[in-house]
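**Student:** Each chain, written out:
Protein chains: 2
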Amino acid sequence: MVEPVGNHYVVARPVYSENLFNEEHEKLHRYHKTFWDHLKRYFSCSPQKAKKIVLHLFPVISWLPAYRFREWILSDISSGINTGLVAVLQGLAFALLVNVPPGYGLYAAFFPILVYFIFGTSRHISVGPFPVLSLMVGGAVVRLVPDESAGNSTSTNTSAIDAERVMVAASVTFLSGIFQLLLGIFRFGFIVIYLSQPLISGFTTAAAIHVLVSQLKFMFQLNVPGFNKPFGIIYTLESVFSQITKTNIADLVTSLVVLVVVFIVKEINERYKAKLPAPIPIELLVTVLAALISYFVKFEEKFNVAVIGKLQEGFQAPVAPDIGVFQKCVVDSISIAIVGFAVAFSVAKVYSVKHDYPIDGNQELIAFGLGNIVGGSFKGFASSTALSRSGVQESTGGKTQIAGIISAIIVLIVILAIGFLLAPLQKSVLASLALGNLKGMLMQFKEIVILWKKDKCDCVIWVVTFLAAVFLGLDIGLATAVAFQLLTVVIRSQIPSCTVLANVGRSNIYRNRKDFTDIYEPEGVKIFKCSSPIFFANIEFFRQKLITAVGFNPQRILRKRNKALRKIRKMLKKGELQVTPKGMICVVNHTQESDEELDNNSIEELDQPTNMTDLPIQINWGADLPLGITVPRVDIHSIILDFSSVSFLDFSAMRVLQKTLKEFVRIDIDVYITGAPEGFLDKLERSAFFDEEIKTSMLFLTIHDAVLHILMKKDVASSPKLKLSEEKGSGKDYVVIPTNGLRSREHTIPTETKF
Amino acid sequence: MVEPVGNHYVVARPVYSENLFNEEHEKLHRYHKTFWDHLKRYFSCSPQKAKKIVLHLFPVISWLPAYRFREWILSDISSGINTGLVAVLQGLAFALLVNVPPGYGLYAAFFPILVYFIFGTSRHISVGPFPVLSLMVGGAVVRLVPDESAGNSTSTNTSAIDAERVMVAASVTFLSGIFQLLLGIFRFGFIVIYLSQPLISGFTTAAAIHVLVSQLKFMFQLNVPGFNKPFGIIYTLESVFSQITKTNIADLVTSLVVLVVVFIVKEINERYKAKLPAPIPIELLVTVLAALISYFVKFEEKFNVAVIGKLQEGFQAPVAPDIGVFQKCVVDSISIAIVGFAVAFSVAKVYSVKHDYPIDGNQELIAFGLGNIVGGSFKGFASSTALSRSGVQESTGGKTQIAGIISAIIVLIVILAIGFLLAPLQKSVLASLALGNLKGMLMQFKEIVILWKKDKCDCVIWVVTFLAAVFLGLDIGLATAVAFQLLTVVIRSQIPSCTVLANVGRSNIYRNRKDFTDIYEPEGVKIFKCSSPIFFANIEFFRQKLITAVGFNPQRILRKRNKALRKIRKMLKKGELQVTPKGMICVVNHTQESDEELDNNSIEELDQPTNMTDLPIQINWGADLPLGITVPRVDIHSIILDFSSVSFLDFSAMRVLQKTLKEFVRIDIDVYITGAPEGFLDKLERSAFFDEEIKTSMLFLTIHDAVLHILMKKDVASSPKLKLSEEKGSGKDYVVIPTNGLRSREHTIPTETKF
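Taken in sequence, the protein lines are chains B and U. Take 2 as the starting number for the first sequence in my numbering and just add one per residue. Take 2 as the starting number for the second sequence in my numbering and just add one per residue.
Worth flagging that the hints you see were computed from the coordinates, not collected in a lab. Misleading hints may appear alongside valid ones.
Which chain U residues face chain B? A few, computed with CB under 10 Å, are given here [said to hold, decoys possible]:
#1 Ala164
#2 Asn509
#3 Ser646
Here a beta-carbon is modelled for each residue, glycine too, at the ideal position from N, C-alpha and C.
Take the sequences, apply the hints, and build the full model.
**Tutor:** In structure tokens form, the structure reads like this:
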């Protein structure tokens, strides 16, 4: 029967209730896997599976053999050199935020890259120190190893304090690495699915703001302490601007010149991408030039600018972390682990979307965890990815982590050999180079406008994330943003748009009756659609909307009817009412009794179904009742609940729904549920939803099936002579209605309805 | 046309795409209220509105005139006396938990009731001290006014310390009252919708456990300090059992006797409810008896039992709270405000469900807030409702808050006159009376089994709530439980059950193809249904499921095709391929070239639509390709996405969906979206979802419309002679298929399909 007939939709089949349909169409018994089956499968073992696990654990095995050497190596080398240089510069700068000697920053920029090369899944991020993470480690360091008491600055044992601080930083890093590794092993990388596009965008923009503010002190060369707490950014700015008069003009000028040059050259690189053989390595040029000028003009002596100074050379032997520090820094380590991962993953996701390759949250956690464990052992500090440096790596043409390895080699060269050349470089130059790469992240502000137009809710998430991350700090800000986002999901699921439907176009199409002119509502039938899951938080709302839609509260009607019945019973007993073939007649002018006596019954009794078996006559609630008894008229006889968009129903909701349906059934209104999702009937049966009042026969396949069933039922009821068999399997010959003039606009609505 | 035809579903109408349907059926333009309209309406003013607000703010105006005096007054008085007595006993007992002299507990049991009478919406709860809340206030009190340093217990100024403690308790109470009032005024009572049935049940059961444990020290008469912190219950039990040898046997025996007697008599009351004229006021009898026995037998002297002792008589003048305490107790006050409200509301909700009347969260907040403000001013401490006392009030027949007023009068009498009579009463008797009323709450453990059968998820919520509230304390436990519950909603919405549908029974019914034997899947068509909202957290999952369902990754196919095209172009140029009318022929035995050279193109290019305009022949991807070129075959031509259960789609999801659909369109697969919810098309258009590749014409009303459209399209394509006009308004006469033999089981599946 599924054949095109011109351009027409022609269907003729029995009216299906859920029960009838299931009788006629054999249902397969399917075995649904239980939790244990999944667990068993997860822990099963096979050679294929082992291979897959190994490949998964060491992504380098997959991508390195597929490396397009001729095509990519040049870009990777160019990118690696640029990135390596920035990594060196940032390593030095961020070490200052950690409150350890600059040289240790180079270790943080070296070891994690090697580990990430083997274990990482992103091809474009540059692993290494990240300012906000450095600030966080610095917070723990200053807390555990404070400066000598401010008064006597005798600088007795600065080197001892430094050594202690390096040890604390390394231990915190090691511990956060362990947390990341554990999260990765236990596959908690799924937390990243809660990082939506607007959230990541808002968060990275906020991170860019943090980097910008953290670099200000180097641009102005001011002495600003680290504030690792909510609203820290305000304290930092306050500290900067309260000292603004102490600005070193030479540093400021250098910064601005470098910033402008870098910005312009990067713009040129972008615009003439096609024409240039390779992007101009501006970071490299600026650094070399700045170091040379500073050295020969003797900036340090003449203008008292801050320079990097002598670096620690070579490597130090790995050390075991300090267990004592572990105990004091559990909370710091957890937030460092999560923020580090969140930042790295959000940046990695940006590039993975841009270049379209998959990244894996769990594997990233393992990679960063191992990277931090190794880095911490070699006295480095916590690494993630700096937004600016990853920007350099990607924009200068980095294709794979080969660029990362090249950058590590550059760092290695600086550590081992040419570190002394950087000694005269101004710190303000480092700061400007870092800032020059933030443009892309800061341009994300434009997204606010785009998001506002497309989805207000997503826009609010962006703004909340941004504000929370800027003002509360990246750790608390991220938690706030994720919580807020989850709440928006709950609220969105929770506000059901309940609508009353009507037939549009006289066929099997039902739409919101407010939207169309040409609608047909079968008399006495309300079709009510709820388009959201129904659960504890919105079931009362659903009930209220349903009561509003039908126009009366079924419980109130039921109680009024039961009260009326009791009154009638009493009047019959007293002889005030007499039953005639035409109905009840009030023979005595009924004295207005006080209601109180009548109400002498428990509320529970009033909620029982109306029982008229003891009365000599059935009472028609639609007709006029004897004098002194009023019961509100009910002008509908059937309600159809369209559940096709109700993706789940929880137990709280089911209880209230059952109660509500029962109330309707008890005032003689037929309730039908249509379009119930797969497995809905089973779930309701398991929950003892059905009983002698609420029956499974109320479930119909579609709204139209239910409407046809209702029309037919009323038809039969109103003309008992025309008895159509309602049983299945009876009518094999279908009366087909003349089909011309079917189009709704061409023909008028039948004015007389059948009941 | 909507008329019953026997018991048959007969429909004949045009195949409707969303566009065609909207053209044929005029849509009304509706004005949707904006946020500002709602705001304006909210702040509008009218006499009706003012009256409504007043009635709402003072519920007593509504219910007091409707009080059924004759009917209810006796039960209310009986209940009030019982409750009042328990309130006196509990007030005394809980004052000890707050670490203030017992008399102040009577104030806490008196003032809030008066306020609640006017402002409260629950008819059955007994307002007054609550043990856990008392413990929380006590925690703040002990923190701010610690005992004299443990060593020198010279008891120099015990009364001064007591006065200070009373002041702290009063101030904390006042501040939490302010928080409750503010929450109520700003209508934050909506937080109660997050208290689902299982959550409330688990929480109140946990509260009962807390009460039970807190009373143990009185039953054994041990000296147990208050532990107001996570796992406090364990510390309390540890403290109790480590001292168990110091138990006062007289107290223990008294407690057990009282407990057994109360339990049995309550059981009798319950079982012979109908036969007894009124429930036996067992609490009253036991208290009087115990006090008399204790007095005459001189328990205190003989067995050293703990008795209440002399009470403070009369009232104290109201005082202003201590602002200094406010600053130190902000956090305590907030948690007291929320826990107090949560407990009271959850108990009130239990009774409102049982007796079926509405309660209002915001109004309850206002009532408790004012109650605590007044109570705090008169040196009382934080009040809420004790589960046990509300149980007494309701089970002894309390109908309205008149019972509350009566109980307040009892408390008043004790305060003013007969307090001295209670002096010889044992504290252990108080404890046993409180425990005797916990039975109902503890019986809720049975719900675990019921919930497990009905809804595993709700059962887990119950257990998590219970464990969190027991072990973490009621405040943190409640927060944990609510957060956990929200997460379950997100997770439930997030796991979409994606299914592949097929036609069942050859009419317009589409069901999961795995569930039925008798199914028909149109060749080359996949019907994919997602039954949950699609948003950031599950869009990748959706994409993955879709790719699994169709059996291939469209992006991969597209890239392979583009690579193949490039190869063909190159071979044509070299003359290795020649075009004949039959297709392309490979004239040169193609040397296996390395792929690398061919791959010298950016990934972006490979994702563009296949462009064959420059080729002399159209390539049929389904047919065999020239030697050396392989592209995976695609065996479907159309995908139908059924979105009838997708209640919302966020912006992140829209972007991924758009990208995915584009990939399908670019490999020549037609994608159709059916059953889209109201307003879906508008939203997509606003989000720039549609372009020259993804068109609005892809939206169809139902799956069947889309299937018919596809079948017809393929029909026309395969037999170009038979040109059916597809335009609207053409075919007015419908070919009606012979309708006998429609039933699916009776006729076989047509073996030859038309394309």
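**Student:** All hints are to be evaluated individually against the structure, with a verdict given for each.
**Tutor:** Each hint, compared with the structure:
With a least beta-carbon distance of about 38 Å to chain B, the hint placing alanine 164 of chain U at the interface is violated under the 10 Å criterion. Evaluation of the asparagine 509 of chain U hint against chain B yields a held restraint, the C-beta minimum of about 5 Å falling below 10 Å. Taken as an interface hint, serine 646 of chain U checks out: its beta carbon lies about 5 Å from the nearest beta carbon of chain B, inside 10 Å.
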